[in-house]
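2 protein chains.
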Amino acid sequence: MEKWKRSARLVDMVHQLLNEPYRLIPLTAFAKRYHAAKSSISEDLTIIQEVLHAEESGQLETMAGASGGVRYMPSMGMEETKTVLAQLCHKLTNPERILPGGFLFMSDLLGDPVLLHHLGRIWAKIFGTSQIDAIVTIETKGIPLAYAVAFHLRKPVVIVRYDTTVTEGSVVTVNTVSGSSGRMKQLSLARRSLPKGSRVLLIDDYMKAGGTVRGMIDLLREFEAEVVGVGVMVDSIVPEKLVDGYVSLTTVTEVDEKEKRINVEFGNLFDQGVYNNENHSDQ
Amino acid sequence: MEKWKRSARLVDMVHQLLNEPYRLIPLTAFAKRYHAAKSSISEDLTIIQEVLHAEESGQLETMAGASGGVRYMPSMGMEETKTVLAQLCHKLTNPERILPGGFLFMSDLLGDPVLLHHLGRIWAKIFGTSQIDAIVTIETKGIPLAYAVAFHLRKPVVIVRYDTTVTEGSVVTVNTVSGSSGRMKQLSLARRSLPKGSRVLLIDDYMKAGGTVRGMIDLLREFEAEVVGVGVMVDSIVPEKLVDGYVSLTTVTEVDEKEKRINVEFGNLFDQGVYNNENHSDQ
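If you read the protein sequences in the order shown, they are chains D and R. Going by my numbering, the residue at position 65 of the first sequence is 57; the numbering climbs one at a time, nothing skipped. Going by my numbering, the residue at position 87 of the second sequence is 79; the numbering climbs one at a time, nothing skipped.
One or more hints might be untrue.
Remember, identical chains collapse to one label, so a pair may be satisfied in a single copy or spanning two.
Stated by the list, open to error - Straight-line distance between alpha carbons at most 27 Å, and here's what the computed DSS-like set of lysine-lysine pairs gives: (1) Lys(-3) to Lys30; (2) Lys188 to Lys83; (3) Lys252 to Lys(-5); (4) Lys252 to Lys233; (5) Lys24 to Lys233; (6) Lys83 to Lys252; (7) Lys24 to Lys74; (8) Lys(-5) to Lys74.
Since the hints were made in silico from the structure, they are not lab data. Remember, predicted model here, so these are calculated numbers, not experimental data.
Generate coordinates for the entire structure from the input sequences, incorporating the hints supplied.
Spelled out as structure tokens, the structure:
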């Protein structure tokens, strides 16, 4: 394509920006690609920014200077967030999810790439300003959630494992006690998978007592990492947690194995500072 | 936003279409959202389609009728594919990846959400017309790749596990022999995680002899599933494979532990039918 009309330019720019959140694209790269003046590119970006802002689906950040450019930071408005989470709550209350011991079958939800993509965008809004270096999770069920966040924040995923395999090189291992079952578990992380002093966001699917997250925090101390946030898709109202200050998207308030009943509500995410203004405007 | 100009409409439509590949959006939904005539929406879609086509980054498919609409099918052109895979090959040849036994450290690559997103788009091009019902992979390293494909094809991910946990319900288990090590392994899949008769795409990170994929195919037979494709990020030129007709993105042709040398080439993907026309136009 030699000559680009504004309409074609807009389509291509939105594609490039949204396809790789947080990638910094120099304005000169756009100007060169479209054979357009920088002032035209700036006008295009204003149009894109206005639509994103109106739809609360993120924003463009323009950085000046030689190493500057523009990048897309994904977000999700309160209304859309509540719609996504209401659907998740509804799916979680299906009594067929109840497994022996009061566990919940969730593999279908964790296998749904559309749901995960939406949840990733919600976490990107909550943790987008936390200067995160890496997303840390634990095998197996936390992995898809971690990637959904990682895509939206353009940060690497690091996976803590229950056992060590030959293809990881030297590993650091800690012992931890599962808060709910009281059983001992070993958590391991390959030495070369996380640089010392990283700022990390912990992501997991489910928190009951928080023993696993507690163990992950202990393990990360060996890497001198700073845990700047913890996010779980589902937590439970009991028992008391071994971890403070985590963000849950949904909360299981009741699992009645005998009566085949599950109750699920929104988690504590709307108590986070990032939603404060929007809470006020609701009232 | 009450009134939408064409430029704003284009930005919003591209966002909606590209944010959820393969989601069918009724034209009436667009018309209503933008207070625009269907003919204007059709013109907008033509503009979007022209840009996607010119950049070889996918296409729009419009389906007529009451249940019709438009959806975005992602793709990637030959040139961009070769650029992505050349970077992957380059990273794989780093001699520091060599672990004892000739294994390769790849966790950093499998933790890179941008690389994974690109690889997902490549596989979406190769398998996009295969009428896939589910993407099946095996814990742990195949999971991020499977999700990258699943996002681009809007299909669920199903994870085969080495051990069964209490939160899966009833499971089907098969025994298999690792082709390279000769060791016995147990592969399990929750009964309720895959409907009988599904058409599945198998995705994994690495294939040496193919024993694990062979075992997964045996396991899927218990679900009366049809394996319509197998894709691996990396395969090796030796030993001979236990599986035919799989697609590899890259191929390790040499790992010299002593000399600290790795050679990696493009895989067999360009031999696939989907690249035929493009191969010809190259000549």
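Results of checking the hints against the structure:
no.: 1; hint: Lys(-3) to Lys30; result: both (14 Å within a copy, 22 Å between copies)
no.: 2; hint: Lys188 to Lys83; result: between (40 Å within a copy, 22 Å between copies)
no.: 3; hint: Lys252 to Lys(-5); result: neither (63 Å within a copy, 49 Å between copies)
no.: 4; hint: Lys252 to Lys233; result: within (25 Å within a copy, 48 Å between copies)
no.: 5; hint: Lys24 to Lys233; result: neither (54 Å within a copy, 47 Å between copies)
no.: 6; hint: Lys83 to Lys252; result: within (14 Å within a copy, 51 Å between copies)
no.: 7; hint: Lys24 to Lys74; result: between (41 Å within a copy, 22 Å between copies)
no.: 8; hint: Lys(-5) to Lys74; result: between (43 Å within a copy, 25 Å between copies)
Consistency note: the structure conflicts with the earlier hints numbered 3, 5.
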